[in-house]
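Taken in order, these protein sequences are the chains called A and B. Quick note: the first sequence uses our numbering, first residue 2, plus one each step. Quick note: the second sequence uses our numbering, first residue 11, plus one each step.
Possibly wrong hints are sitting among the right ones.
As the list claims (entries may be wrong) - What follows is a set of in silico ranges between Cβ atoms, one per label pair, in the way DEER data are often shown:
{"no.": "1", "chain 1": "A", "residue 1": "Asp-62", "chain 2": "B", "residue 2": "Val-244", "range": "49 to 59 Å"}
{"no.": "2", "chain 1": "A", "residue 1": "Ser-74", "chain 2": "B", "residue 2": "Ile-345", "range": "27 to 37 Å"}
{"no.": "3", "chain 1": "B", "residue 1": "Ala-383", "chain 2": "A", "residue 2": "Val-65", "range": "55 to 65 Å"}
To be clear, the hints were calculated from the coordinates, so they are not data collected in a lab. The structure displayed is predicted, hence computed values, not measured ones. The beta-carbon is built from N, C-alpha and C at its ideal position, and this holds for glycine as well.
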Amino acid sequence: MRKLDLFAETNDTRLFVGPGNTLKQTFVPQHDRLSGIRLFVFNPKLGGKSLYKLLLIDNEDRIVWQDLISESSLGWEMELRTDFTPFTNSKNKKFTLLISTDKENNDPENTEILSLINKYRLKEAAIPQGMEETIDRVEKNYLSLAYGEKDLFAYGEAYLNETELNGDLVIKTYYSTNAVGFIGDSLKEFGKKILIDRSFIIFYLLLVFIITYLVFWKNKIRLTASIKPWKNSLLRIFKK
Amino acid sequence: MLRILLAGLLIRIIIGTFTINWDFLKVTQITAKMATSSLAVIYSDPLSLYPALTYYTRYFFIILGKPFLTDGFFQWAGKSELTLMSDPFIFRYLFLLKLPFILLELATAYVFSLLLPLKKRGVFLYSWMISPIAIYTIAAFTNVDVFPLFFIALSLLFFVKRRDYFSSFFLGVASAYKFFPGLILPFLIFSTDSMKKRVQIAFFFLLPFIGSQIPALAIPQYWQNSLLAEANRVIFTATLDIGHNKLVIFFVLFFALLFFKFITEKNKREMLPKYFFLPIMPVFIVSAFNVQWVYWILPAILFHLLYFKNQKIINIIFHLSILGIILLSQTALHIGMLSPIEPSLWTLDRPLNKYLGDNVFFLTNIFYSVISACLIYLSYRIYKAVDFFNSYEKA
């Protein structure tokens with residue numbers, strides 16, 4: 002089974018993949034056995050035949066996995082799920098996911114327009130007046146990926162071609178484990194998380210202990226004597 | 011009884027602190043916006059399904075809990091789901107946000123128990139405290155229905171104590187949280203033969219019902235998202251084609267029949283407590299109800315369990331059918347609720363679908379049908395019961 006390792010989920014805008022516009026996202030898995038990646042994609046050409054290449058490159062610049070995805074297998078707005086054979090030693094090693102058009106799709110005419118669209122979405126350029134129709138036509142021709150503008154993903158960076166971006170692609174990475182490993186890792190991470198808010202945990206455990214004591218203590222609870230006046234005044238509201 | 015309530019509180023704070031549900035999360039996120047936005051902005055969100063009083067109440071509880079929430083609470087509420095689940099302070103937030111719900115639920119149980127003979131109260135409370143429906147819908151799911159049911163309980167209590175105007179007022183408050191308590195109003199109005207009193211009862215109902223919505227009535231999206239929302243019309247889906255493009259709506263048919271039965275009762279006053287639940291039953295019999303709505307009829311289910319012990323098999327089948335629907339639903343309704351402990355669970359697909367395929371829908375339909383049968387039978391037994399939440403004896 003696969004367990005979630007890393008995620009960046011803030012979705013502020015979309016960046017387009019096309020000729021001259023390759024998107025990259027680096028990430029450093031926190032567990033061994035990296036085995037799955039999810040991206041959030043928008044495909045305007047339902048049933049289209051264009052292909053997009055996904056490459057996974059390890060920290061030694063070796064291509065460790067690749068896939069070609071067709072527009073016909075993508076919905077308008079969906080989480081693209083890719084699973085692969087687990088990489089045994091993936092922990093703390095930098096990986097790069099590269100998304101580009103397949104060679105046959107290259108269309109130099111649209112390279113400039115796509116770059117302008119991406120710059121506009123990154124708030125680095127404005128769309129000149131009169132170009133709206135062209136922009137719309139080009140946007141309806143290429144795949145786009147969800148992107149978050151702020152750098153909230155501590156484990157990697159996003160790139161448009163070779164330019165590092167401020168934010169990150171919406172991405173999730175998974176690693177393979179068995180049921181025992183899943184539960185063990187979950188409990189370990191839960192333990193680490195819960196100890197961060199120590200004051201609450203101390204209060205919470207104290208409260209649970211006190212209530213348990215009151216419930217299971219065999220002698221008559223003296224508490225009833227102290228709350229009786231409150232109970233009587235509440236019931237007086239309902240009396241005739 | 012205090013010990014029973016404390017045991018119930020213990021179970022609920024243990025479960026509630028470590029579970030979350032999509033519905034509760036969305037309502038919290040929408041409510042948190044009230045710190046900086048107007049009601050118009052709240053209702054611009056298409057997921058703002060509830061009347062204004064629900065969000066006001068939720069916001070009031072957030073303000074009450076503010077000294078104990080962290081400074082980052084409102085930023086936390088604005089984050090995306092996985093980030094939110096992974097926040098180390100989520101357990102504190104869940105505890106504080108859910109505590110009012112839990113306390114109100116315990117209060118609801120207590121008020122209903124007051125309407126039973128003294129010797130039945132302890133067993134009733136105990137049944138409520140360990141009820142899987144109560145624990146699931148309030149401690150885990152944290153359903154906003156806790157507010158209307160509490161005020162329905164108060165309405166019934168005041169009715170039994172012959173304070174009809176208070177009864178009507180609290181029924182209006184209940185309806186101001188969610189509209190379903192309004193189904194009881196016609197029966198409350200016609201429980202008296204005096205036309206003057208009927209008008210007065212209607213007035214006291216409308217006072218909180220309309221009054222609490224005045225700030226929102228001028229907002230067009232309020233009408234669209236809440237008052238006239240598609241979710242409110244699911245009860246009208248089951249129909250019978252009678253030709254010429256005309257339909258008989260089953261819910262309306264059954265409701266009308268119940269109403270005619272009520273107005274021909276010899277002792278309407280004595281029968282009315284049953285009609286606090288009987289008009290709600292058709293919602294579950296002829297519509298694809300949301301599973302968390304079952305909380306509305308929990309008192310009736312527990313009453314049946316208490317008074318008809320030799321028929322508890324029906325109750326068991328009912329509970330198993332509810333469980334079946336939950337397990338066949340999306341992950342957020344079952345294991346996904348443990349996402350504060352393990353955020354991965356939030357991203358799981360429906361786990362049973364890959365084994366059952368399209369049979370999921372067939373099985374779900376079977377469970378809905380069984381539930382309909384259980385509730386038709388339960389309604390019959392409730393109708394025939396001699397005492398149904400109409401006793402009040404001082405402890």
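In ascending order, which of the hints set out earlier in this document are inconsistent with the structure?
-> Result: no hint breaks.
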